[in-house]
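Number of protein chains: 2
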Amino acid sequence: MMENPQPPEGRLTVTDRTRLRRMRENGSTARADLDAVLAAGFICHLGVVVDGSPMVVPTVYGSTADTLYLHGSVASRSLAADPEATVCVTVTLVDSLVLARSVFEHSVNYRCAMVYGVPRRVTDPDEKLEGLRVLSEQAAPGQWDYARRPNNKELAATTLLALTLDEASVKISAGPPDDGDGPDAALGLWAGELPLVAAWGRPVPDPALPDGTAVPAHIAARTGTAV
Amino acid sequence: MMENPQPPEGRLTVTDRTRLRRMRENGSTARADLDAVLAAGFICHLGVVVDGSPMVVPTVYGSTADTLYLHGSVASRSLAADPEATVCVTVTLVDSLVLARSVFEHSVNYRCAMVYGVPRRVTDPDEKLEGLRVLSEQAAPGQWDYARRPNNKELAATTLLALTLDEASVKISAGPPDDGDGPDAALGLWAGELPLVAAWGRPVPDPALPDGTAVPAHIAARTGTAV
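So the protein sequences, as listed, match chains A and B.
Sequential numbering of the first sequence, starting at 80, is according to the numbering used here.
Sequential numbering of the second sequence, starting at 80, is according to the numbering used here.
Among the hints, erroneous ones may be present.
Note that the list lumps identical chains together, so a pair holds whenever it fits in one copy or between two copies.
Straight line, CA to CA, 25 angstroms or less: simulated DMTMM-like cross-link-like pairs of lysine to aspartate or glutamate [unchecked claim]:
hint, residue 1, residue 2
1, K232, D95
2, K207, D224
3, K232, D114
4, K207, D257
5, K207, E163
6, K207, D260
7, K207, E233
8, K207, D161
These are computed hints drawn from the structure, not numbers from a lab.
Produce the entire structure from the sequences given, and follow the hints as far as they go.
What follows is the structure in structure tokens.
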């Protein structure tokens, strides 16, 4: 890969892969945008190459300022074949449908981060525990302190991968349809956005729970909050 | 690729790629399960191989009984390099967090379809229009009849890809945590599911609209409905 010059402070390094070819207007090289997209999600789509073909699997992740942590099991086939293989991790948040006057101008407003890199298998016990905490807290905040933490046997049975955030791109698409000032505006049709709202619902107790087991506050408080 | 025997009626053909290695208990080879997952979504993650590395991009799709239609622009780099290249299309619907008594048993309930194949570029004008209708109606039902349809110039500017549903797998994870009958049940902790509810919000009019332009019924009716 070509050497890339150091980017200005707070900007992402642009590589051949992360240079935005389509919808350049939506591309962002701001580090803060990457951090915000990664912080807002908890499911990513991990792309690996297996026997020359792509494989895309959903999995949970957790992110810090410089690292994305992933469960390793889904990447195991690819990693076993080639520990130096690059993966692509994509996090997508869909915000709304863009309903235009013409079908051609219909689109989707979304925020998307793509991270490329060769994942590192985390072996240091302290980093592994911390990485699992980050991963767990991203999807289920508060559970690390509430539930029983992994014991040594469970830690040994878990493969944790770390991917640095050195090579990443962000696309953000927002706003109304594009055809409000074109000839199609004369059609007199309604146009706008239909927001997609994702929120946590009411907790559903495990049927195996004894009657009267209270929902802890950190879980109950999430009901109705946006995801 | 190995020849695969014809599957029983209503079952998916299992190939080396679609054989479920992990969480076999969640795998389904029922054709109806594949159809249901594909019908429930409208965003997929398309995986292609570019210069030997995976690239995963979100895009809209539309599905029929035997075909998945995709906008071709996102796959153009990969297709230009190798028109015979296999792609992987993954559709994921996240249903709930599974909050167990131990962090180790935490997981996510989801439905996921993965489709492999070599996409075909749709060139027949009738199929192209029908494919775009399927794609448009999957995300924005009713808009094909309401908005202005693509004209010849727009059709020519659109690359539509078709992927047969011959090689696909489905994983469905559902239900309460697994540790309700293990030693951790004695911890007395709450456990269960936290549902993730995705629904359409209130339509947001394009600021360019003349005052009083009514929201059409087919859009207004979606507010509050599940995605």
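Hints, verified against the model:
no., hint, in the structure
1, K232 <-> D95, "neither (42 angstroms within a copy, 31 angstroms between copies)"
2, K207 <-> D224, "within (17 angstroms within a copy, 54 angstroms between copies)"
3, K232 <-> D114, "neither (33 angstroms within a copy, 40 angstroms between copies)"
4, K207 <-> D257, "between (47 angstroms within a copy, 23 angstroms between copies)"
5, K207 <-> E163, "within (20 angstroms within a copy, 41 angstroms between copies)"
6, K207 <-> D260, "neither (54 angstroms within a copy, 28 angstroms between copies)"
7, K207 <-> E233, "within (11 angstroms within a copy, 52 angstroms between copies)"
8, K207 <-> D161, "within (22 angstroms within a copy, 40 angstroms between copies)"
Of the numbered hints given earlier, the model fails hints 1, 3 and 6; all others are met.
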